[in-house]
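Trainee: Line order of the protein sequences matches chains A and B. FYI, in my numbering the residues of the first sequence are 1 to 110. FYI, in my numbering the residues of the second sequence are 1 to 115.
None of these hints come from the bench; they were simulated from the model. All figures in this text were calculated on a predicted structure; none of them were measured in a lab. Glycine residues also receive a C-beta, built at the ideal position from the N, C-alpha and C atoms. Please note that the accuracy of each hint is not assured.
[Stated by the list, open to error] Derived DEER-like restraints, expressed as beta-carbon distance ranges: (1) A/G40 <-> B/E14: 44 to 54 Å; (2) B/N51 <-> A/K81: 33 to 43 Å; (3) A/R94 <-> B/L115: 36 to 46 Å; (4) A/G41 <-> B/N52: 41 to 51 Å; (5) B/E68 <-> A/T57: 31 to 41 Å; (6) B/I12 <-> A/L51: 42 to 52 Å; (7) A/T44 <-> B/V73: 19 to 29 Å; (8) B/T103 <-> A/E77: 18 to 28 Å; (9) A/S3 <-> B/T103: 15 to 25 Å; (10) B/L84 <-> A/G41: 20 to 30 Å; (11) A/S27 <-> B/T103: 37 to 47 Å; (12) B/K15 <-> A/Q2: 27 to 37 Å; (13) A/Q2 <-> B/N52: 26 to 36 Å; (14) A/E14 <-> B/P8: 31 to 41 Å.
Residues per chain, in single letters:
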Amino acid sequence: GQSLEQPSEVTAVEGAIVQINCTYQTSGFYGLSWYQQHDGGAPTFLSYNALDGLEETGRFSSFLSRSDSYGYLLLQELQMKDSASYFCAVRQPRGGKLIFGQGTELSVKP
Amino acid sequence: EAGVAQSPRYKIIEKRQSVAFWCNPISGHATLYWYQQILGQGPKLLIQFQNNGVVDDSQLPKDRFSAERLKGVDSTLKIQPAKLEDSAVYLCASSPGQGAWETQYFGPGTRLLVL
Chain A
1 GQSLEQPSEV TAVEGAIVQI NCTYQTSGFY GLSWYQQHDG GAPTFLSYNA LDGLEETGRF
61 SSFLSRSDSY GYLLLQELQM KDSASYFCAV RQPRGGKLIF GQGTELSVKP
Chain B
1 EAGVAQSPRY KIIEKRQSVA FWCNPISGHA TLYWYQQILG QGPKLLIQFQ NNGVVDDSQL
61 PKDRFSAERL KGVDSTLKIQ PAKLEDSAVY LCASSPGQGA WETQYFGPGT RLLVL
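Next comes chain B alone, as it looks inside the complex (with noise of 0.2 Å):
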């Protein structure tokens, strides 16, 4: 079965401007997550989506971070500005959506770098 998809896998921006960020999950898995991974730490949830509705985004700055998930498939993740702290992999990952003991995969990650 093909894995998680995203893209793009690189991105670089000047600080202030926009960004999107695209993942499509394993087909058939009802939960997706987006993580934030800033070089030399784990992932940092950043929101989880169960089908199209929002499960947890605590961790999410939503003064610039936004996302959404509108068909319950294939999601977007936007940052409007960006800032240089920014920088990071974004990591998509997805999960059936059956209980809380799922593995879950994780997509490629998008590169970030905000100059």
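So that you can see chain A by itself, here it is in the shape it has in the complex (with noise of 0.2 Å):
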């Protein structure tokens, strides 16, 4: 079967850290993407890792170790804009497919 792991709620201060994990059991795979979805919006891209190690992308990175079909995206310096959900998504090598897990809702409190 296909399956994404994430936590449902994470609640962090502004200004602060925090890493939302993603493990991941799918029949194929071709990378991990992050998407960031505000209430009542489109899901907007955020980062992709093919490979193992870190991307950095201004206040956000995200992280993928293969071997443990595991993934992380971090977010720095937390603002009060980044309460949203974030979903990770299997990239599937045929066609692009991805298969999303449940997301995760962000709460940044002042």
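Two chains, each in its own frame: build the complex with the hints.
Mentor: And the structure:
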């Protein structure tokens, strides 16, 4: 089967650092993507890892360990506008199909 | 550049009725995806088109759902007849179609409520 596990909720304070973990079990794997979705909005792309290691994009970083079937999204210097749902998604080899996790709702408190 | 356009944004119907959603992808994007997102869950792929051909429709409930992309540009997704469990947001996404590593760009979605 195909499954992705991530925490359902995370709460942090403004200015802090938060890590959202994702473990996956899928029949095919090409890479791990992260998407952000504000309430009522469209998912927007944040980051993508095809190889092991850390990818950094501004305040956001993403990590992948293919041998452990594990990745995480790291958000630094949290801002109120970062309150949203964050989805990890496995990219399948054929056609680029994405299999999404259930999402992690991040609440940033003042 | 203009993003992915979807209409309508909201739709309320009664069960057993029919409904259709429309999507216009980003200009030049060869790949188009329809996802279903039930409240509190991640998007689930229903169907993927490459130009006007179907790449993956393994999770499309074909007894009631149909989709087409006749000229390889915009697309329609239809539900006939609708069930209560079809209440969800229907998201359309597109990507250039150059390879499996591409970013997908999502539209704002159509929120469907089936009563």
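Trainee: Under the constraints set out in the numbered hints, which ones does this structure not fulfil?
Mentor: 1, 4 and 11
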